[in-house]
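Novice: Keeping their order, the protein sequence lines are chains A and B.
For the record, in the first sequence the residue sitting at position 40 is 40 according to this note's numbering, with numbers rising by one throughout.
For the record, in the second sequence the residue sitting at position 64 is 64 according to this note's numbering, with numbers rising by one throughout.
Keep in mind the hints are simulated off the structure, nothing from the lab.
Keep in mind that the hints are not guaranteed to be accurate.
[What the hints assert, rightly or not] Capping the alpha-carbon separation at 30 Å, the derived lysine-lysine pairs in DSBU-like fashion look like this:
| # | chain 1 | residue 1 | chain 2 | residue 2 |
| --- | --- | --- | --- | --- |
| 1 | A | K135 | A | K121 |
| 2 | A | K65 | A | K121 |
| 3 | B | K98 | A | K135 |
| 4 | B | K112 | B | K98 |
| 5 | B | K52 | B | K98 |
| 6 | B | K98 | A | K121 |
| 7 | A | K121 | A | K63 |
| 8 | B | K52 | A | K135 |
| 9 | B | K69 | B | K52 |
[Claimed, not checked] Partial list, derived from the structure: chain A residues whose beta carbon lies under 7 Å from chain B:
| # | residue |
| --- | --- |
| 10 | I11 |
| 11 | P15 |
| 12 | L26 |
| 13 | V39 |
| 14 | E40 |
| 15 | G47 |
| 16 | T51 |
| 17 | V54 |
| 18 | I115 |
Even for Gly, the Cβ is constructed at its ideal location relative to N, Cα and C.
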Amino acid sequence: MSQADTVELVIPCRPEYVGVARLAVLGIASRMPFSYDEVEDVRLAVGEACTHAVERAGSSEAKIKIVSTVDPHSLVIEVTDDVPAGAPVAAPVDDTQLLADGVDTQGLGALLMEILVDEVKIAAGQSGTTVRLTKYAPE
Amino acid sequence: MNLTINSRIPSETSCIMEVEGEVDVYTSPQLKQEIVDRADAGTRHLIINLAKVEYLDSTGLGVLIGGLKRLREVEGNMALVGPGMRILRIFEITGLDKIFDIYETEEQAAAKEGISL
């Protein structure tokens, strides 16, 4: 593995496919010299990035593209959705029952990503959002 | 299904919920519904056994926080039991281990919550 290899995956931007992205990333992260915990961290961070897209997509026909670039020094995963800016966030009807005081799960997701990987960059545009996650290989 | 929930109801006001599998954006509505249903049915003291949970994300945390708030509003409580190292770490890095009462075994949780198993 002397050069950068790229793996691309496109999934429907729907809850039932987020697990597919996590599984794929688990395989890719396992190719890096990461510990078990670090691989799990990457899996959870990517899950959070996809969840962020799914929660904004609602019932649209949006897609998520996950581009993973592996090189000897780092794993960079870009999670890009095509959910337009300002799309209404999907809220289950019974949210008022359980989340009366408004639990900010998107804030929790962002916090988790920040802690789990070395760099998080979020670029939100009119036609979609890209979350770029970087995890460096141990020295 | 990626998530299995098995609820035991030792008394009118208590419930032990054993959760198995992955709690994520796809499955967390199922857990949320189960907690809401139990609370509506009169459960005030809820023990959630996480020993067989392999994956938990922010949506799962959100459901647990929502359930805790709801039960505390009616003078009840929610206790968590037996999370594995990975799951416990997620509570620790988000600071939520200070919000939830987390026990190693159902027996310990039941004793603290005053529930007879």
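Novice: For every hint, state whether the structure bears it out.
Specialist: Hints, one by one, checked against the model:
1. Straight-line distance between C-alpha atoms of K135/A and K121/A comes to about 12 Å, which keeps the hinted pair within the 30 Å bound.
2. Distance restraint check for K65/A and K121/A: the Cα-Cα separation of roughly 16 Å lies within the 30 Å cut-off, and the hinted pair is therefore satisfied.
3. Using a Cα cut-off of 30 Å, the hinted pair K98/B and K135/A holds, with the two alpha carbons roughly 28 Å apart.
4. For the hint linking K112/B to K98/B, the alpha-carbon distance of about 16 Å falls within 30 Å, and the restraint holds.
5. Our distance criterion of 30 Å between C-alpha atoms is met by K52/B and K98/B, whose separation comes to about 22 Å.
6. Annotation: proposed proximity of K98/B to K121/A holds, straight-line Cα distance about 29 Å (limit 30 Å).
7. With a C-alpha separation of about 20 Å, the suggested pairing of K121/A with K63/A holds against the 30 Å cut-off.
8. Taken as a hint, the K52/B and K135/A pair is honoured in the structure, with Cα atoms around 28 Å apart against an allowance of 30 Å.
9. Among the hinted pairs, K69/B with K52/B is consistent with the structure: their alpha-carbon atoms are about 24 Å apart, no more than 30 Å.
10. Residue-level restraint check for I11/A is violated (minimum Cβ-Cβ distance to chain B is 12 Å; threshold 7 Å).
11. The restraint placing P15/A at the interface with chain B holds, with a minimum CB-CB distance near 4 Å, inside the 7 Å limit.
12. Interface restraint check for L26/A: the shortest CB-CB distance to chain B comes to about 11 Å, outside 7 Å, so the restraint is violated.
13. With a cut of 7 Å, the hint placing V39/A at the interface with chain B is violated, because the nearest CB-to-CB distance is about 11 Å.
14. For the restraint placing E40/A at the interface with chain B, the shortest Cβ-Cβ distance is roughly 6 Å, inside the 7 Å limit, so the hint holds.
15. For the restraint placing G47/A at the interface with chain B, the shortest Cβ-Cβ distance is roughly 5 Å, inside the 7 Å limit, so the hint holds.
16. The closest approach between the C-beta of T51/A and any C-beta of chain B is roughly 4 Å, which is under the 7 Å cut-off, so the hint is satisfied.
17. Restraint check, V54/A versus chain B: the minimum CB separation of about 5 Å is within 7 Å; hint holds.
18. Interface hint status for I115/A: upheld, as the beta-carbon distance to the closest one in chain B is roughly 5 Å, under 7 Å.
Of the hints listed earlier, those the structure fails to meet are numbers 10, 12 and 13, in rising order.
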